[in-house]
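Protein chains in written order, with this note's numbering: chain W, 1 to 232; chain B, 1 to 350.
In case anyone wonders, no lab produced these hints; they're calculated from the structure.
A virtual CB, placed ideally from N, CA and C, is assigned to each residue, including glycine.
Each hint should be verified, as a subset may be incorrect.
In silico DSS-like cross-links for lysine-lysine, where the CA-CA straight-line distance does not exceed 30 Å [said to hold, decoys possible]: (1) Lys98/B x Lys142/W; (2) Lys142/W x Lys93/B; (3) Lys93/B x Lys202/W; (4) Lys52/W x Lys166/B; (5) Lys171/B x Lys140/W; (6) Lys175/W x Lys93/B; (7) Lys166/B x Lys61/W.
To give an idea of the chain W side of the interface with chain B (calculated C-beta under 8 Å), a few residues [said to hold, decoys possible]: (8) Phe64; (9) Leu65; (10) Pro66; (11) Leu70; (12) Leu128; (13) Asp131; (14) Gly145; (15) Glu206; (16) Ser209.
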Amino acid sequence: MSESTRERVFKKLTHAVDLGDEELAAEGANEALAEEVPPYDAIIHGLAEGMKLVGDKYERKEYFLPDMLLSADAMYAGLNILTPHIPKDASRSKGKIILGVVEGDVHDIGKNIVKVMLTASGYEVIDLGRDVPTPEFIEKAKSEGAQVIAMSTLMTPTLMSMQDVEQSLDKEGMKGKVRTIIGGGSVSEEWRERIGSDAYGKDATEAVSKIKTLIDTIIATAESMKEEDGSS
Amino acid sequence: MNAFDRLTAILKGNRRDIDRLPAMSSVGTYTLDSMEALDAHWPDAHRNPEKMARLAAGLSMLAGLDNITVPFDLTLEAEAFGAPVDFFEGQVKWPTVKEFIADDASDLRIPGDLLSAGRIPTVLKALGILREEYGGEIPVIAYVNAPFTSIGSYLVEPSEFLKWIKRAPEKITQLCNEMYPRYAEVANAFVEAGADIITFREEGASLDSISPRHFDDLIKPYLKKMVALTRAPRIIHICGQCVSGDLELITGMMECGAEAITIGETTSMRAAKEIADRVKSGYPIGGNVSAYNVIHNGPVERIRDHVRVAIEEGADMVALGCDFWLETPTAHVKAFVEAVKEFGKSPYGR
Chain W
1 MSESTRERVF KKLTHAVDLG DEELAAEGAN EALAEEVPPY DAIIHGLAEG
51 MKLVGDKYER KEYFLPDMLL SADAMYAGLN ILTPHIPKDA SRSKGKIILG
101 VVEGDVHDIG KNIVKVMLTA SGYEVIDLGR DVPTPEFIEK AKSEGAQVIA
151 MSTLMTPTLM SMQDVEQSLD KEGMKGKVRT IIGGGSVSEE WRERIGSDAY
201 GKDATEAVSK IKTLIDTIIA TAESMKEEDG SS
Chain B
1 MNAFDRLTAI LKGNRRDIDR LPAMSSVGTY TLDSMEALDA HWPDAHRNPE
51 KMARLAAGLS MLAGLDNITV PFDLTLEAEA FGAPVDFFEG QVKWPTVKEF
101 IADDASDLRI PGDLLSAGRI PTVLKALGIL REEYGGEIPV IAYVNAPFTS
151 IGSYLVEPSE FLKWIKRAPE KITQLCNEMY PRYAEVANAF VEAGADIITF
201 REEGASLDSI SPRHFDDLIK PYLKKMVALT RAPRIIHICG QCVSGDLELI
251 TGMMECGAEA ITIGETTSMR AAKEIADRVK SGYPIGGNVS AYNVIHNGPV
301 ERIRDHVRVA IEEGADMVAL GCDFWLETPT AHVKAFVEAV KEFGKSPYGR
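The following block holds chain B by itself, in its conformation from the complex (with noise of 0.2 Å):
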């Protein structure tokens, strides 16, 4: 079985028929050896598609990953509706928008034809080198910053954006009214171009920002509606917490109807699954082994002893909590995969 039939067989609610979990990143997959070993470092990496491409399958190819991610940073879809992104040249390092280019949604020039603005047909033309050296075998991921966390962080003042929760939310709703087709846009254009999964990030709605009702209220139509709109199986993934004692996020993304979740290590696998269990039994969690605490920091002793807690826990895809950590040993990734293989094997791995 290829890691291909394995993510999809389990996005479709078909885990019964997966002979192993996979061992993958639903968000990037990328880290400085990768860069080294492939000659793709940022920044070129953001702005040529070959470079991209070989960078995103850079993990499968040297450590065995069970799928490809493209992009790598935050800023994309904010640059392409006009925000300045500092790349810092000659360095690695993630880009961030220079300035904060929005009050209120007329002040976002939305361009006629977003696909061909930014970087998003470099990310297009890396979607279609993957997909035609790997399509079918090793599943290509394109995310998509959601449009609540990439509007309130790159493209409105952040403080600004989160006091309107309680001062003005008809600004964010507003925002999130009009913008929420473009994104959905984008993603249809990476699905076309390639991508075989879409994983929506919406990492600054977690509950170390904001309550349950404002997701409820401000976050979850959006996303349920981007869900709708979009022509792939789709995963959502809040990094943060998602559950903290008796407050929960999960059956809230679950309710946005995408075919999974993904969580980070600040969320308890057990809990989230006992709650995803209670709405809808088997509906898949992916994690939640920590990228730097874990994956980075080792030793493959550690890392082992993580994935098969993941696994113990009911993780259905044993993921990383957030984007690999750059200074990340592609010894220690190895690791990750070779436990997942070990711990993970079919019926359930458990």
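Isolated chain W, as found in the complex (with noise of 0.2 Å):
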């Protein structure tokens, strides 16, 4: 596979992803199968960068919600078919995460687009859907041993189950030990530091970065907790 052939299939990820075209990302996908493109790199350089540049473009107000809704659907065409391929030890999760519209809400539109970014950046995510009852968040963290719990809202009535999450995270003892962050339409920075959760994400792309920080976070915590018990 030459240097070319690896660019070529890229771009035509990228820009199956920006058009919102499946079929495209479907052909892409698959060329990148057949010229022994990496799958994790096809995913990275390819489907994820075109993620990237549809999220910029909703930024700026070129792309709206369809279309950032479309993207999401070809970049989903071209992982069902890449992810079954990518050999296990480049596979490993960069981190868990449980994912959900909080109690009351049934918007779940940027969470959908969240998790598709997320996916495409490596992390296992637990989609618990929406509406998902407050004990459904706690519960799943414990027994999935998950770093982070992602929640949102778009409606302002539903802020209040975000605040249950957080009050019962902290019941159970598990406050600092999963970290928490929060997104949506009607939730702001001033909320998050009400609340008490660990960080807020004022778009998809923020949400994913912020994640990163929180998860490497925890990482080199252990880490350096590991290097004291060696030292000890």
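Take each chain as given, in its own frame, and dock them per the hints.
So this is what it looks like as structure tokens:
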């Protein structure tokens, strides 16, 4: 496989996501497999690059929600073909995230976009869907050993459900062990501060970068603790 | 001058005739405090007309708010068209649909007698009570969740609906074409029962979600037709971004033909007024004080500042950007009303 083949396949995948063209994304993914482009590279440099481009265009109001949704579909069309071909070690998850729209709210468009971008960035996402009861976030985080709980809501009345999750984590003594991030139409940095969540992502792109920071911090802390253990 | 005459004058374009600007909400007027004070809690107040009327008027009674609004939720029409709704018994939560029932227009079972479907009779009775009690003194607003948002958020799976904008706009056109007369029917029933003003809520149509071109193609035509059919003064409300850089929806909203529009805090009042004045000088715009960040959070001094700024930037009605936040202290609503009385004196309060 030549460098130009790689580039051509990456470009095709990026373009397919940008256009929100599922068929083109599938075609690009199959081409990647046929040309023996490593599937993980095709995801990161092709599909994820496309999603980043789309995120930027959304930010600049060149694209709107319908464009984002179609791009997410194209992204999945490519992912579904490429993911099964990733060798085990390369697909090692970078971290586990519990994701959901909080209780009382059924608006899950933003949440789904975050899911696509997290998956594309190599994280394992446990998606609880929408209108998720508070205890379910806590139980899943426990049983899955997740590092992060990510919650979203579009509407203001359901902001309170986010506070419920934070308080339950506190009660369970899980605060600080499991990090939280919140986002969605009615959510703000101010609200994050008020309920004591660990991070706020104003859009999908920021959510992904902040989750990365949260998980990196957890890993760094764990490693430094290991080192201390070793020296004592 | 009473609150009814004041708001009526503004909606007739006679802002010069008023003594001061109104302190109002073109959408929800309820809080936990008023549920408590008037013994009209959710979910009962969604289904019991006496409680609905009491709660709707609560903030006028307790804090001097210049209007009364029914109903209290966004699923009323969807429920009447067959969507199952969860009221969260024993809790105070916004009702929400349990499932999305429609893939296209043929899935909707429009009841023969729409006005006895779901909770529409409750709202009609509540409006009768409110007219009896406050008619001609405090304006009674009834809001109707407009078709694009109501169908696209509560009847059809929202992601699918939004994708149709690009992939199958004809499906949206067909749904809206078939449904808008029914939404207008609800609006007119509200008017006959006692509503002085109809607010069409089209929250799903802001620049946060859709482009101005799609607003013009898929939303404006139906809003325009509904406005034309509705036999009372009308307000169009969009709480999301209506102005962003070079993009704006203000002109399009005005072209729908309502007497006024109301906007939220994510739209600059100054920018909105500038655009409006170019299209039709003096066209009334209400807004854009944040329900959560300002009115709920306070403190009183900050509420006063935000009211003053909204008035300085040209607000013709000092209104909340969205429904009152449930936990808002009544003292903050009072502070809001007092600040409008202080800074909103005629002429123009500027």
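Comparing the hints with the structure gives:
1. Lys98/B x Lys142/W: Roughly 27 Å separates the two Cα atoms, so the pair holds.
2. Lys142/W x Lys93/B: Distance ~27 Å between Lys142/W and Lys93/B Cα, so the pair holds.
3. Lys93/B x Lys202/W: 25 Å, holds
4. Lys52/W x Lys166/B: 20 Å, holds
5. Lys171/B x Lys140/W: 38 Å, violated
6. Lys175/W x Lys93/B: 26 Å, holds
7. Lys166/B x Lys61/W: Holds, because 16 Å separates the two Cα atoms, which is no more than 30 Å.
8. Phe64: For Phe64/W, the interface hint holds, since the closest Cβ of chain B sits about 5 Å away, which is under 8 Å.
9. Leu65: 4 Å, holds
10. Pro66: Constraint on Pro66/W satisfied, holds at 4 Å.
11. Leu70: 6 Å, holds
12. Leu128: 16 Å, violated
13. Asp131: 7 Å, holds
14. Gly145: 30 Å, violated
15. Glu206: With Cβ-Cβ at 15 Å, over 8 Å, it is violated.
16. Ser209: 21 Å, violated
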